[in-house]
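All residue numbers for the sequence shown refer to the UniProt record's numbering, where the first residue is 1 and numbers rise by one.
These are computed hints drawn from the structure, not numbers from a lab. Every value quoted in this text rests on a predicted model; they were computed, and no experiment measured them. For each residue, glycine too, the CB sits at the ideal point set by N, CA and C. Some hints could be false.
[To be verified] As a list, the in silico SDA-like pairs of lysine to any residue whose alpha-carbon atoms are at most 25 Å apart: (1) 156 - 247; (2) 92 - 111; (3) 294 - 344.
[Claimed, not checked] Now the in silico label distances, taken between C-beta atoms and shown as ranges: (4) 241 - 362: 21 to 27 Å; (5) 270 - 338: 26 to 32 Å; (6) 391 - 336: 14 to 20 Å; (7) 395 - 227: 36 to 42 Å; (8) 157 - 362: 22 to 28 Å.
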Amino acid sequence: MTSTILKSLAEIHKALAFFQRENAKKELYDASSFSPFQFIRNDENGLSEIIAFLLDSSQNHGQQELFLNSLLKYLKLPEYLSYNNVSVTCEKATFNNRRHDIFIEGFLHNERQWIVSIENKLRYAADQNSQLEDYWKDINSYRPKFSYLVYLSPFKQQPSEKSINTDSWKKLIQDNQAKVIGAEDLIKWLEQTPIVAQNIRAFCQSFIQFLKEDIMNETKENNQLLDELVKNPNWVETATTLLELSDNIYQKLEDSLVQQLQNKLKEEYPRMIEYNWHFYNVHKEGIYLDKEDKKYPWSIGIANDNKKYHDVYYGFWANKDYISQENYQKLEEMFKLDGFEKSTWWIQWQFCNGNLRNWDGKIWKEVITGRLAEDIFELLKPFIERANDHLETLETFVNK
1 MTSTILKSLA EIHKALAFFQ RENAKKELYD ASSFSPFQFI RNDENGLSEI IAFLLDSSQN
61 HGQQELFLNS LLKYLKLPEY LSYNNVSVTC EKATFNNRRH DIFIEGFLHN ERQWIVSIEN
121 KLRYAADQNS QLEDYWKDIN SYRPKFSYLV YLSPFKQQPS EKSINTDSWK KLIQDNQAKV
181 IGAEDLIKWL EQTPIVAQNI RAFCQSFIQF LKEDIMNETK ENNQLLDELV KNPNWVETAT
241 TLLELSDNIY QKLEDSLVQQ LQNKLKEEYP RMIEYNWHFY NVHKEGIYLD KEDKKYPWSI
301 GIANDNKKYH DVYYGFWANK DYISQENYQK LEEMFKLDGF EKSTWWIQWQ FCNGNLRNWD
361 GKIWKEVITG RLAEDIFELL KPFIERANDH LETLETFVNK
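Given the sequences, and given the hints that come with them, work out the whole structure.
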């Protein structure tokens, strides 16, 4: 059986290489793999802003209420079509300082008729404790006639029990007050919207392409390969066998990558080894460098929020809840670098550039060559050097 699988793997790889070569020949004429979204902010907040832009009739897309009305019809909310003014807000604060990703309010004669809140999880952000429950409470604190909660996830994954009680969520859906939609629904909504302006139609086509390729992983080569794969019984057996092993494959690749990084650390920064610094991985979430001791609530790392190594970012994080304010400020000064952003968890972070932003098969195969470890080490080196210069001080930055 093993020889049959290996033979099928070789055949599948050959077919994929063929499709890649053929499509590369066509790029000169159609540039089908080009997308302006590689130059547009497309993290969770960026995608929310794009969707909100289309839904806001006051924006300069010029399509007035076409996008909003089309979405309301797609969600089967005819009663929400009665309005003469709409407010669309991103990052709308709640009563307890949480944030609605997209908050839409419909007014009729200055009276609030309805509210739709869209929670965007297209980038696989983790559910927070009571997140949707708090959003629902906040929506209804405005006392609209109609309330609706949309949970937007890549493949219509349901919200977790952590975010909202399962029975409560089912009740909202039954009462037509909530719905789970996916990237495929966004595509259908855009395709069903009768867009008039040609340049806006072209923009939406690029957005659809981005959703298919970046969110749903439907590249031209992948689709071509799938069409051929399902015709060959041996290939189907091989593919499904590998699917069962996929978690183990990624784990082995991560372990190998960590070992390569550790060897480079030992070679270039031996003092850090003396101070018990180690690279380690949290499966599918990221690779980190610290003393691997829970009493140290900070780390250098390269990570992702979706467990798919898409939208990979790197930097230095620290949990301010477990470290004194004085030490937190010292860490901010110690690891401050130009060009990085700050967030709740990360003192310094930025997305990886180029191919390292989204790890596909071409990236993972560089674990075997050692190239991926070299690239990651170079990314992290500015933070590693700062840590190496302050090893004694960092020893004291423990849980408060």
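Hint-by-hint comparison with the structure:
1. 156 - 247: 22 Å, holds
2. 92 - 111: The given pair, whose Cα atoms are some 19 Å apart, holds under the 25 Å limit.
3. 294 - 344: Holds: residue 294 and residue 344 sit about 19 Å apart, inside 25 Å.
4. 241 - 362: 21 to 27 Å: Check passed, 22 Å falls within 21 to 27 Å.
5. 270 - 338: 26 to 32 Å: 28 Å, holds
6. 391 - 336: 14 to 20 Å: 18 Å, holds
7. 395 - 227: 36 to 42 Å: 57 Å, violated
8. 157 - 362: 22 to 28 Å: Because 27 Å falls inside the window, the suggested range holds.
Going through the hint list in order, the structure does not satisfy hint 7, though it satisfies all others.
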